[in-house]
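Once you have looked at the hints, place chain Y on chain F.
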Amino acid sequence: MIANDNSLSRLMALAQDGDQSAYRTVLSECQIWLARYFARRICPTLVDDLVQETLMSLHRKRSSYDPARPFLPWLAAIARYRWVDQLRRSYRANETELDDTLSVDPTGNAVIAQISIERMLAFLPPGQATALQLVKIEGLTTAEASQRCGQSEPLIKVNVHRGLKKLAAMVEKE
Amino acid sequence: MRTTFDIDELVNDLQPVRRLHIWQPVALTALMTMIAVFSIASVYGLRADIMAGHMHPMAMLRAGVLLLLGVATMLATIATARPAVGRNSTGWRWALAMAALFPMTALVLAVIETPVSLEALHMTLGMYCLRISFISALLIGGTLTLWLRQGAPTSLTQAGWLTGLAAGSFGTFAFSLHCPETGIYYIGLWYSLSVALSALIGRLLVPPLIRW
Numbered sequence: 063m064i065a066n067d068n069s070l071s072r073l074m075a076l077a078q079d080g081d082q083s084a085y086r087t088v089l090s091e092c093q094i095w096l097a098r099y100f101a102r103r104i105c106p107t108l109v110d111d112l113v114q115e116t117l118m119s120l121h122r123k124r125s126s127y128d129p130a131r132p133f134l135p136w137l138a139a140i141a142r143y144r145w146v147d148q149l150r151r152s153y154r155a156n157e158t159e160l161d162d163t164l165s166v167d168p169t170g171n172a173v174i175a176q177i178s179i180e181r182m183l184a185f186l187p188p189g190q191a192t193a194l195q196l197v198k199i200e201g202l203t204t205a206e207a208s209q210r211c212g213q214s215e216p217l218i219k220v221n222v223h224r225g226l227k228k229l230a231a232m233v234e235k236e
Numbered sequence: 012m013r014t015t016f017d018i019d020e021l022v023n024d025l026q027p028v029r030r031l032h033i034w035q036p037v038a039l040t041a042l043m044t045m046i047a048v049f050s051i052a053s054v055y056g057l058r059a060d061i062m063a064g065h066m067h068p069m070a071m072l073r074a075g076v077l078l079l080l081g082v083a084t085m086l087a088t089i090a091t092a093r094p095a096v097g098r099n100s101t102g103w104r105w106a107l108a109m110a111a112l113f114p115m116t117a118l119v120l121a122v123i124e125t126p127v128s129l130e131a132l133h134m135t136l137g138m139y140c141l142r143i144s145f146i147s148a149l150l151i152g153g154t155l156t157l158w159l160r161q162g163a164p165t166s167l168t169q170a171g172w173l174t175g176l177a178a179g180s181f182g183t184f185a186f187s188l189h190c191p192e193t194g195i196y197y198i199g200l201w202y203s204l205s206v207a208l209s210a211l212i213g214r215l216l217v218p219p220l221i222r223w
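These protein sequence lines are chains F and Y, in that order. Here the numbering used here runs 62 ahead of the position in the first sequence, where the first position is 1. Here the numbering used here runs 11 ahead of the position in the second sequence, where the first position is 1.
Read the hints as simulated data drawn from the structure, not as lab findings. All clues stand as given, with none of them false.
Residues of chain F clear of chain Y, computed beta-carbon distances all greater than 10 Å:
#  : residue
1  : 66
2  : 72
3  : 180
4  : 183
5  : 184
6  : 192
7  : 199
8  : 200
9  : 203
10 : 208
11 : 210
12 : 211
13 : 224
Looking from chain F toward chain Y, a few residues come up when the C-beta cut is under 10 Å (computed):
#  : residue
14 : 79
15 : 89
16 : 117
17 : 234
Across the chosen pairs, the derived CB separations fall in these ranges:
#  : chain 1 : residue 1 : chain 2 : residue 2 : range
18 : F       : 210       : Y       : 72        : 56 to 62 Å
19 : Y       : 207       : F       : 220       : 27 to 33 Å
20 : Y       : 111       : F       : 185       : 26 to 32 Å
For glycine and all other residues, C-beta sits at the position ideal for the given N, C-alpha and C.
For reference, chain F alone in the conformation it holds in the complex:
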């Protein structure tokens, strides 16, 4: 079971003061939460790496958390930042299968829906969102993505570039 925001906030405040037991709980809960958060938004074989990188970022930047504020929006901002960073790196085209067992319904919880990655993608123009989805999330080549969605190859490249730039600028956008 994933702890609620209030519990995580309290535990994180204790962790900032050096409480190892509270910190272990925070990290364990975040690990589960992040795996669900990134599901279907990155190649499944990269989810573990991305969760790990995000937890390490959480560790390095733990002083930036303000216990007077909700915990999950802070974690989500770090997660989105790492996710965009990951999308910038290319990976092999054969790592394309998405794992449905990890999928999470973003409409199931109003708070999660507001901080989800889907919400971020929804702010992109359709052409850019499609190009990013095909090339950076599903891992298709530019040519394959072009065939799939009908955009020309140069347009796919431009849309991926512009889409990544916009995503980077809207990490904290609700």
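Only chain Y this time, still in chain F's reference frame:
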């Protein structure tokens, strides 16, 4: 790809941390601005009207606007260090719009009163203004950037612009207390240029320094 991740490594590495507080960068920025003001005052001197206790209305107005823009952009810069989805700090844009009234007024007057003489722009004094404001901005912006590195800014480009704007505003404010010129063309051109250049330099230099 690593398939297992040992949480214990991070737990064992845990040390108590000091939470980021807003007063730290505010105090640091205020201190650096005061150092810039005192340095300029001791090397070049303050405006005669300030020394006499009867500050020129235009000098007071521009100093107030620069201070307000500096405070608004500094607070927005500080906010970027503690990220959160849904955080909204766009109030600084209103301060920027207000400050833009100076160059806009100068532009409108220039169109109405064409031709504007080059003398009204005080080119030599303007370059001097840019140089001193820039050095002050470098001191303030450098301090703010160093503090920002402790935080977790997720929008590096915006953090860069904001740092540059804050530093430029405070740096130009420091110079304005010495600057003898109060003409609208001069302020509209050189003060705007000073803040804009600082913002641009912040945009270019700050993001690579705060990336994490």
